[in-house]
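Student: Residue numbers (this note's numbering), protein chains in the order written: chain A, 3 to 116; chain B, 260 to 371.
Any given hint might turn out to be false.
Computed footprint of chain B on chain A; a stretch qualifies when at least three of its residues, placed anywhere within it, have a C-beta under 8 Å from a C-beta of chain B [as the list claims (entries may be wrong)]: (1) 34-47; (2) 100-114.
Using 25 Å as the maximum straight-line C-alpha spacing, the simulated DSS-like pairs for lysine-lysine come out as follows [what the hints assert, rightly or not]: (3) B:K329 / B:K316; (4) A:K103 / A:K5; (5) A:K103 / A:K72; (6) B:K316 / A:K103; (7) B:K316 / A:K5; (8) B:K316 / B:K270; (9) A:K72 / A:K18; (10) A:K103 / B:K329.
These aren't lab readings, by the way, just hints derived from the structure by calculation. Just so we're clear, the structure is a prediction, and the values are computed from it rather than from any experiment. Using N, Cα and C, we set each Cβ at its ideal position, and we do this for glycine too.
Residues per chain, in single letters:
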Amino acid sequence: AQKVTQAQTEISVVEKEDVTLDCVYETRDTTYYLFWYKQPPSGELVFLIRRNSFDEQNEISGRYSWNFQKSTSSFNFTITASQVVDSAVYFCALRSQGAQKLVFGQGTRLTINP
Amino acid sequence: DAGITQSPRYKITETGRQVTLMCHQTWSHSYMFWYRQDLGHGLRLIYYSAAADITDKGEVPDGYVVSRSKTENFPLTLESATRSQTSVYFCASSENAGQPQHFGDGTRLSIL
Chain A
3 AQKVTQAQTE ISVVEKEDVT LDCVYETRDT TYYLFWYKQP PSGELVFLIR
53 RNSFDEQNEI SGRYSWNFQK STSSFNFTIT ASQVVDSAVY FCALRSQGAQ
103 KLVFGQGTRL TINP
Chain B
260 DAGITQSPRY KITETGRQVT LMCHQTWSHS YMFWYRQDLG HGLRLIYYSA
310 AADITDKGEV PDGYVVSRSK TENFPLTLES ATRSQTSVYF CASSENAGQP
360 QHFGDGTRLS IL
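With the hints as constraints, model all of the structure from the sequences given.
Tutor: Structure (structure tokens):
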């Protein structure tokens, strides 16, 4: 069975603070893909990043960075120097090779206060 | 512009009515999906399609019907709407399993 757990339901920080969103996944497959999506207050789902199971390199994109660790089945997302525009619900998701279903975590609601 | 579009954005209807939500993508992606998003349940897969004329059930297919006669379109029909189907519906597409799914803007459906 596949499962994604985002234990942090809500996080609230002050602007310019760094914040890390946790994601832990479960799968028995050896080939799989991990994703992060952002859902701002306007409601659309925006793709942020994809990682495959064979690529454990961390990635940095501007203020965003992702830490993928197979040993702990985690794919955490860090926002550095947060801004009010980062306020959104963030979803972590898992999809196994050959599986059609994208399994989502429950999401973390991030609020950045000015 | 290329992308994935859903229509309508908002819909209010009554129980027992048939309603169809439209989804259109211009990328020629093979895979298309329908999800519903509800508080407390996150995003759940209703149906998906691997190619034209190929569809399959997801987690919560009951009460829904899909078709895919053309690669670019994947309509979702509620044959006899019930209040429990009040939700936000998202359509998505992807090239294959390894590629990200790109989502439409969603349809907010209210069943009275």
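Student: Which numbered hints turn out to be false for this structure?
Tutor: Hint 9 alone not satisfied by this model.
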